Amino acid sequence: MKTRTMKKIIITMALAIVSITTFAQKAKSADTLQITTTPQMHCSNCEKKIKGNIRFVKGVKKIDTSISNQTVTIVYEPKKSNYQDFVKAFENIGYSIEKVSNKK
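Sequential numbering from 1 applies to the sequence shown in this note's numbering.
Be careful, since some hints might not be right.
Below, in silico cross-link-like pairs of lysine-lysine (PhoX-like), each with a Cα-Cα straight-line distance of 25 Å or less [stated by the list, open to error]:
id	residue 1	residue 2
1	Lys-62	Lys-48
2	Lys-88	Lys-58
3	Lys-80	Lys-99
4	Lys-48	Lys-80
5	Lys-51	Lys-88
6	Lys-79	Lys-99
7	Lys-61	Lys-99
8	Lys-99	Lys-51
9	Lys-88	Lys-48
10	Lys-62	Lys-49
11	Lys-80	Lys-49
12	Lys-79	Lys-51
Derived Cβ-Cβ restraints for the label pairs, each shown as a range [claimed, not checked]:
id	residue 1	residue 2	range
13	Lys-8	Asn-45	54 to 60 Å
14	Ser-96	Ala-14	48 to 54 Å
15	Thr-36	Lys-58	21 to 27 Å
16	Thr-73	His-42	16 to 22 Å
17	Val-87	Ile-17	39 to 45 Å
18	Ser-29	Val-87	20 to 26 Å
19	Val-87	Asp-64	15 to 21 Å
20	Pro-39	Ala-16	48 to 54 Å
21	Thr-36	Met-6	57 to 63 Å
The hints are simulated quantities; they were obtained by calculation from the structure and are not laboratory data.
None of the values given here were measured: they were computed from a predicted structure.
Glycine included, C-beta positions come from ideal geometry on N, C-alpha and C.
Work out the full structure: start from the sequences and follow the hints.
Structure, rendered in structure tokens:
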């Protein structure tokens, strides 16, 4: 009886470890893209237009806009979309984009 119980516990623990590892890998699979737009955003309607349309690009997890910094920050899954997908999506709503260089 004890051997059977121990086997169940070990199998349960192994499955839990595999599940946690898989979940952790999925959580890491996001990239961040920070861009500026042309024409520049000048009002909340510009932000709404961007957020409302770019969210449909596959793999987009989060979109943050900043009128004061003139940036759009997009968190996305690189396995589902890439930079060119965002270029096309922004062109469809009347914007061109350029990556923001990371200043450290």
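Hint compliance check: list the failing hint numbers for this structure, sorted ascending. none
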